[in-house]
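Enquirer: What follows is each chain in one-letter form.
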Amino acid sequence: MKKLKPSLREKKRYIAFRVESGETYGKDAVVREILSQTLGFFGECTASDFNLWIVDFNKDTQEGFLVCNHKSVGKIKACLGLIGYIGDEKVHLKTLGVSGTIKSLRRKFLNKRPIFKSEKKEGFFIGKKVEIVRSMGECVDALPRDKELQGRLKRLKVKYLGLMKNDLGGKENAAGTQHGI
Amino acid sequence: MRFVDLHTHSIFSSGVDSPARLLYHAKELRIEIGICDGIRYECPSGVEVEIKGKKDLDKKVKKFDEMDYIIVHGGKESVNRAAVSDSRVGILAHPDRGRRDSGIDSFISRKAAENDVAIEVNLSSLTSTKWNARVYALKNIKRNLMLSRKYGFDIIVSTGAKSNLDLRSSDVVREILTAIGFTEEEIKMSMEEVPRKKLRKT
Numbered sequence: 003m004k005k006l007k008p009s010l011r012e013k014k015r016y017i018a019f020r021v022e023s024g025e026t027y028g029k030d031a032v033v034r035e036i037l038s039q040t041l042g043f044f045g046e047c048t049a050s051d052f053n054l055w056i057v058d059f060n061k062d063t064q065e066g067f068l069v070c071n072h073k074s075v076g077k078i079k080a081c082l083g084l085i086g087y088i089g090d091e092k093v094h095l096k097t098l099g100v101s102g103t104i105k106s107l108r109r110k111f112l113n114k115r116p117i118f119k120s121e122k123k124e125g126f127f128i129g130k131k132v133e134i135v136r137s138m139g140e141c142v143d144a145l146p147r148d149k150e151l152q153g154r155l156k157r158l159k160v161k162y163l164g165l166m167k168n169d170l171g172g173k174e175n176a177a178g179t180q181h182g183i
Numbered sequence: 010m011r012f013v014d015l016h017t018h019s020i021f022s023s024g025v026d027s028p029a030r031l032l033y034h035a036k037e038l039r040i041e042i043g044i045c046d047g048i049r050y051e052c053p054s055g056v057e058v059e060i061k062g063k064k065d066l067d068k069k070v071k072k073f074d075e076m077d078y079i080i081v082h083g084g085k086e087s088v089n090r091a092a093v094s095d096s097r098v099g100i101l102a103h104p105d106r107g108r109r110d111s112g113i114d115s116f117i118s119r120k121a122a123e124n125d126v127a128i129e130v131n132l133s134s135l136t137s138t139k140w141n142a143r144v145y146a147l148k149n150i151k152r153n154l155m156l157s158r159k160y161g162f163d164i165i166v167s168t169g170a171k172s173n174l175d176l177r178s179s180d181v182v183r184e185i186l187t188a189i190g191f192t193e194e195e196i197k198m199s200m201e202e203v204p205r206k207k208l209r210k211t
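As they're listed, the protein sequences go chains A and B. This note's numbering puts the first sequence at residues 3 to 183. This note's numbering puts the second sequence at residues 10 to 211.
Simulated from the structure, these hints should not be mistaken for laboratory data. Treat the hints with care, since some could be wrong.
Here are the computed lysine-lysine pairs in the PhoX-like style, where the Cα-Cα straight-line distance is at most 25 Å [unchecked claim]:
{"id": "1", "chain 1": "B", "residue 1": "K197", "chain 2": "A", "residue 2": "K73"}
{"id": "2", "chain 1": "A", "residue 1": "K119", "chain 2": "B", "residue 2": "K197"}
{"id": "3", "chain 1": "B", "residue 1": "K61", "chain 2": "B", "residue 2": "K72"}
{"id": "4", "chain 1": "B", "residue 1": "K197", "chain 2": "A", "residue 2": "K159"}
{"id": "5", "chain 1": "B", "residue 1": "K72", "chain 2": "A", "residue 2": "K156"}
{"id": "6", "chain 1": "B", "residue 1": "K61", "chain 2": "A", "residue 2": "K161"}
{"id": "7", "chain 1": "B", "residue 1": "K36", "chain 2": "A", "residue 2": "K114"}
{"id": "8", "chain 1": "A", "residue 1": "K167", "chain 2": "B", "residue 2": "K61"}
{"id": "9", "chain 1": "A", "residue 1": "K110", "chain 2": "A", "residue 2": "K29"}
{"id": "10", "chain 1": "B", "residue 1": "K36", "chain 2": "A", "residue 2": "K110"}
{"id": "11", "chain 1": "B", "residue 1": "K36", "chain 2": "A", "residue 2": "K29"}
{"id": "12", "chain 1": "A", "residue 1": "K159", "chain 2": "B", "residue 2": "K139"}
{"id": "13", "chain 1": "A", "residue 1": "K14", "chain 2": "A", "residue 2": "K114"}
{"id": "14", "chain 1": "A", "residue 1": "K156", "chain 2": "A", "residue 2": "K119"}
{"id": "15", "chain 1": "B", "residue 1": "K139", "chain 2": "A", "residue 2": "K161"}
Derived coverage of chain B by chain A (criterion: at least 3 residues anywhere in the stretch with Cβ under 8 Å from a Cβ of chain A; other residues may be distant) [stated by the list, open to error]:
{"id": "16", "stretch": "64-72"}
{"id": "17", "stretch": "108-119"}
{"id": "18", "stretch": "156-169"}
{"id": "19", "stretch": "185-196"}
Using N, Cα and C, we set each Cβ at its ideal position, and we do this for glycine too.
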């Protein structure tokens with residue numbers, strides 16, 4: 003088919019995003035959630051104006067980008083912000099940035115943050131034993147041994163406790179104070 | 010515009026993250042947060058109280074007098090009424106919790122305006138729901154917005170975060186509010202100016 007004149011072509015914007023969660027997701031699950039969220043919140047008629055297409059998603063870094071019409075960037079950001087769960091797990095789809103070309107999007111926003119590394123250690127937080135599962139810089143994700151905290155994680159549909167390295171102590175009762183900071 | 014989120018919980022109340030971890034993510038998202046654990050931190054510190062009635066509220070307000078702000082866990086009509094009738098209360102949180110209606114009537118609206126109690130728009134009612142439940146949540150937010158325009162009480166936006174995954178950046182919150190129907194002026198007031206006013210009050 004013959005191409006349209008540049009002035010008639012749609013102006014595109016690329017939005018980079020990262021899925022933050024205790025789980026690792028594939029492209030299919032993320033695409034399904036974004037599309038269902040867009041259709042659910044704005045409806046079929048408005049969503050058809052977005053020209054939304056999820057271009058790429060990297061399973062290792064949990065980062066990806068989508069393309070949309072330049073007039074609907076705000077609405078897409080709202081949709082990404084409204085995603086609270088994928089399946090039965092709490093997630094945050096963080097918008098990393100918006101760009102006019104894929105090249106500059108990759109240069110400016112993608113692969114800028116280190117990913118969580120798996121660990122297997124034990125520590126204490128406010129005198130309670132926790133199992134450190136993964137860490138990234140100063141951030142530590144841990145599983146509690148305490149039944150009450152395990153129940154809370156289950157109820158909130160979050161996989162790990164979010165701690166910082168400073169919060170942890172080597173011995174029981176040497177761990178972070180109640181004031182935490 | 011910077012989002013000031015005064016309703017967050019750490020592991021010391023009902024959340025799953027340490028206060029330091031919440032503050033780390035808030036800094037990353039370029040927002041300011043206040044933590045409602047009833048414990049004093051280096052950041053704005055408040056408390057969310059669950060009350061049965063007016064007497065109970067009085068007792069709890071006295072107990073947490075030294076906190077920066079007091080949030081009342083709303084939902085029941087009697088609780089909503091008691092909360093907006095006390096000027097020491099800063100925020101009435103999720104007045105529509107567990108209800109079909111918005112939890113705000115003309116009496117509550119008038120009292121909230123009179124006593125300078127802000128009514129919360131809790132974004133978790135949108136992020137944790139879908140389809141029918143979200144339609145009701147949106148309807149309630151729009152109704153409270155309409156009442157705020159008529160009676161002049163303040164609306165405050167917060168995430169009610171119990172984990173760092175619940176926090177949202179300023180521009181995402183702004184876009185969500187725009188999609189709901191807030192004007193530019195109302196967005197600025199509810200995201201930044203009303204929370205700052207609540208902190209100045211103390």
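Enquirer: Among the hints numbered above, which are violated by the structure, and what are their numbers in rising order?
Expert: 2, 4, 5, 6, 8, 11, 16, 17, 18
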